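Two chains, each in its own frame: build the complex with the hints.
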Amino acid sequence: MKKQAKPRVAFFDFTDCEGCQLQFANIGTTLLDLTELVDIVNFREIMSEAGEDYDVAFIEGSITTDNDVKRIKKIREKAKVLIALGACAAIGGVNGIKNRSSLDLAKQRVYGDKADIINTIKAMPVHEVVKVDYVINGCPVYVPEVLAVLKSILMGKPYVVPNYPVCVECKMNENVCRYEKDQECMGPVTRAGCNSWCVNNGNRCYGCRGLLDKPASDAAKDILTKYGLKVEDILNSFTLYNDSMGEKYDQEFR
Amino acid sequence: MKYATLNKKDLNKWLEHLKKSAKLYAPRKKENLFVFRPVKDVGDVVLEYVPTILPPKKYYFPQKEKLLKFKIEPFQTAKAIEGFEDFILFGVHTCDIAGIQCMDVVFRDGPEDPNYLNRKDKMIIIGIECLRYCDKYANCASMGNHVPRGGYDLMMVDLGEKFIIHINSEKGEKLVSKLDYIKEAAEADMNALERCREAKKKVFKEEFIGPLGKVYGVFDKSFGSDVWKDVGKKCVACGNCTAVCPTCYCFDTQDDLELSLNDGIRYRIWNSCQMDDFAKVAGGEDFRKGRDTRQRHRYYRKFKYPVDKFNRYFCTGCGRCTRTCMAGINLVETVNSLLSQETL
Chain Z
0 MKKQAKPRVA FFDFTDCEGC QLQFANIGTT LLDLTELVDI VNFREIMSEA GEDYDVAFIE
60 GSITTDNDVK RIKKIREKAK VLIALGACAA IGGVNGIKNR SSLDLAKQRV YGDKADIINT
120 IKAMPVHEVV KVDYVINGCP VYVPEVLAVL KSILMGKPYV VPNYPVCVEC KMNENVCRYE
180 KDQECMGPVT RAGCNSWCVN NGNRCYGCRG LLDKPASDAA KDILTKYGLK VEDILNSFTL
240 YNDSMGEKYD QEFR
Chain C
0 MKYATLNKKD LNKWLEHLKK SAKLYAPRKK ENLFVFRPVK DVGDVVLEYV PTILPPKKYY
60 FPQKEKLLKF KIEPFQTAKA IEGFEDFILF GVHTCDIAGI QCMDVVFRDG PEDPNYLNRK
120 DKMIIIGIEC LRYCDKYANC ASMGNHVPRG GYDLMMVDLG EKFIIHINSE KGEKLVSKLD
180 YIKEAAEADM NALERCREAK KKVFKEEFIG PLGKVYGVFD KSFGSDVWKD VGKKCVACGN
240 CTAVCPTCYC FDTQDDLELS LNDGIRYRIW NSCQMDDFAK VAGGEDFRKG RDTRQRHRYY
300 RKFKYPVDKF NRYFCTGCGR CTRTCMAGIN LVETVNSLLS QETL
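Residue numbers (numbering that gives the first Met the number 0), protein chains in the order written: chain Z, 0 to 253; chain C, 0 to 343.
Excised from the complex, chain C in its bound form (with noise of 0.2 Å):
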């Protein structure tokens, strides 16, 4: 079975079977937003969401992560974590899939990184495709990620009645197998899923002024640019657009000791090059004393050194970083800045 429907009154008896499969994470409500947490009332799952405030990289890669426990007196180490439980990411965005592509890739990377690698190998995704802009800060267009380009174990569309989904792994299969109300799609489902894909054509547009490819070329020649001094003279330095981007993953490590003085746990925490401190090295020297200089390491992280080592795009086009900046920083203004001054 490559393509299978699930009519929409099921969705919840579906979720109840995916919570028994595994842990489950979801989207829900929270205040004006959105946030993934694990279900506890199927009810409460959002399909139709505002990107959640953190990505679901809290999950394969959390805030504050334990290493190893070790003790000083007789000095050994031991596995923090001994068994990893089997999760469900449910309702990620495709945006969101593209950020899990781009971590897997940083972090298979050699020497791969044991602590991604035993939550990755837990993870099940099941995707939900946008069929309309989720606000006015995504680009996901011009990144090309407002469709799914693989990534998932299931993905989810919504054909109005029923969803049609597309098994995508082992795992995903095993998920909708078994169950009298998943039905194999029938060719009147696909030819529904070929003229929402259509459709979807006129909904969605190129956020950049510019083709992507040419984004690459553009901040390849913009180091110097004045754009740059205009977004440091916005910025707080306040470290939320990393925090929130599916694809930054710098961390510092940290020891703590309990009370005994004697046992402790190493600690990853996320870290930010947005932070004052984060170039800074012995002897005083800072390598990246303003916020400007902050702000353009971030932009080249997305939009050149990736493209360079990697060869994709670290932007996944989420809009979270443009959401969460209270002084007004523009992802798609400062893209379509440089891409301006190209053409000039």
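This is chain Z alone, in the form it adopts within the complex (with noise of 0.2 Å):
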């Protein structure tokens, strides 16, 4: 590969936990490895230097105040790549729970008798503000496809996140199916990607990778169904990380 000059690389978070910075920051000496590829130049994470030119900006959080919105549409303008790190930027994450009730019963529950003072609007993933480039999924995000994405980036490729289920994987890596534990398990519908990390760990799918785009919900219903959960049980199942469609699975539920 040619020498050229390298890429800068900022990280800036949103509403979130900052976990999938944080996971990031553990890939540990492949780290230094990356330093060999790129200009770390803004990562609060791991560096108290912050600056403001970059080519590549990773984006860790959803958009929920009008704040969010120009902030992003700033970053947007100067980055020639754009990111979304993670669930909530990715498809709006546990975030996207507060579009469930109107905002002003949000703001009640959560700030009470300050809430006529705060700002916010409902939760949005990144793209629904501005264009995003690259998407890698997962609350938090699995390090193998940060890294993954992280090339197909250096080489001005697109990458291609998996269309099929966790199933695909959870079956390669030999798991006891979670269904047959009785547990009920995002797996089928879940986009794969995330090599069934939380199974091959003995957790099951939360489905924090977001829905397939045709999740066969009608059969995974009658699934869920066969193991005992109610419409209202799938339905939460459905939408802990995947609220910005949640209105589509209400009409299929109920």
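It cannot be assumed that every hint is accurate.
[What the hints assert, rightly or not] Pairs of lysine-lysine, DSS-like flavour, derived with a Cα cap of 27 Å: (1) Z:LYS220 <-> C:LYS65; (2) C:LYS119 <-> C:LYS135; (3) Z:LYS156 <-> C:LYS279; (4) C:LYS228 <-> C:LYS22; (5) C:LYS29 <-> Z:LYS225; (6) C:LYS233 <-> Z:LYS229; (7) Z:LYS213 <-> C:LYS233; (8) C:LYS232 <-> Z:LYS180; (9) Z:LYS225 <-> C:LYS39; (10) C:LYS135 <-> C:LYS39; (11) C:LYS63 <-> Z:LYS213; (12) C:LYS288 <-> Z:LYS213; (13) Z:LYS225 <-> C:LYS228; (14) Z:LYS180 <-> C:LYS233; (15) C:LYS288 <-> Z:LYS220; (16) Z:LYS150 <-> C:LYS121; (17) Z:LYS180 <-> C:LYS135; (18) Z:LYS213 <-> C:LYS232; (19) C:LYS65 <-> Z:LYS150; (20) Z:LYS156 <-> C:LYS63; (21) C:LYS63 <-> Z:LYS150; (22) C:LYS68 <-> Z:LYS156; (23) Z:LYS156 <-> C:LYS65; (24) Z:LYS220 <-> C:LYS28; (25) Z:LYS180 <-> C:LYS8; (26) C:LYS22 <-> Z:LYS150; (27) Z:LYS5 <-> C:LYS288; (28) C:LYS232 <-> Z:LYS229.
[What the hints assert, rightly or not] Residues from chain Z shown here face chain C by an in silico Cβ test under 8 Å; the list is partial: (29) ASP32; (30) PRO164; (31) CYS176; (32) LYS213.
[Claimed, not checked] Quick look at which bits of chain C chain Z covers, simulated, 3 or more residues with Cβ under 8 Å: (33) 4–14; (34) 163–172; (35) 324–330.
Everything labelled a hint here was simulated from the structure, so no lab data went into it.
Since this is a predicted model, take the numbers as computed values, not measurements.
Built from N, CA and C at the ideal position, the CB exists for glycine as well.
Below is the structure:
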């Protein structure tokens, strides 16, 4: 590969827990290898300097205030490549639960008598406000996928997010199916790419990577019902991370 | 020596011997199910087991297999794996041996697949014959795979106090010869084997409502059957049925670069006709959009197309697809629905 000027990379967080940036910070010595390829100019999880000149912007968190909207638009103007990092940025994530009730009620619940002085809007994934070039799903992101996306960015190639369910990877890992253990699992309708990380470690899938393009929601509902879940629970499972699609499932399930 | 016997008390001693001879894989427990794993402690090996989550195909057609190493600048390619090691698959059911025979037909069909053959040449199969059903999902009797039909090096049959071992290859013979605890089978042992086979006839009954000979003809006429709509409605397209199938061999290839962005490895990874994008081609056309058409395709790949191409059914009767399906799609029920429609 020809040596070119290293792309400058910056990380920005919006409404989130910063857990995805932490995943990135935890990649260990690989981080040193990465500095051969990129200059990290802004990443408050690991450094105190904060450069404002960058080519590649990793965006963590969902957009939930008017100020967020202004700020993300500014970042988009500067960045040549913009990446949604993690469930909140990619699909709204758990922040989307806020959209289930009216904004007034949500404010009341969280801020009580201070509700009136808080500026907040509905929770949105980044792509609802500005163009997103690459998406890294997950809550938190899965480090091998972060590296795969980063390599795609450096090569200027698209990264294809799998459009098949987590079960595919889970079965290749020869896990005992969660349904075999009478646990409900979102694997059959959730986008793969995490190498069934949670199930490998004894947990079940909560659907943090978002739903497939065409989830078989009717068949999935049959399965969940067979395993004793009520419509309300099924809906909650489907919308824990996916509220931007919640209305669609409201209609399908009621 | 054609048949040998091994006392059960000497089984672990023999397993230790096998472990020294080659890399040894055998079934063991995983939670409430079973998996093939490399044997560390011979005490973990189980011989009474419900078919493993994945069939032993993962050892001769791995989930993610290195095909070659490459460099971009200067461009060059190289073998990904230099040497393959001898390995023994121990305790393989006859249904899974039938699966290996199917794969062999596919991968030896021209152009031969060197990636498979490299592994297959190093493989030694020691089977165990089932004397009763593993569970209610198997359809091995209809497929004729509840009894050994070749394709193995050694086949063990449980005669109570001891195993009788059929020696079916030179490789197999080496593993039982020159051991003082493995003896040539006596006439009484052969008679016991005979009685055992007779008793099996009362235990195993054909699971399909019609003879296997009829199944092909029924599939020939059932492409437009409503049965596929019912199956499609239940299906979530998770791909479990194809992953666990001993005769599903579809794959995708993928290049992975190291962080240097210059060195990489080409892999092949299991793929499945149940995936939404599997039959999508350039221009966006999709030949099997619906889950009903994709399920139908899977069944036709077991009961129709391979019969046309290789003159054998590609269902082994192991029951894994039914066992693993959380939506309850049942192979025996599906085939029987087609057979009963036929007789109407």
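Q: If any of the earlier hints don't hold here, list their numbers in rising order.
A: 1, 2, 4, 9, 10, 16, 24, 25, 26, 27, 33, 34
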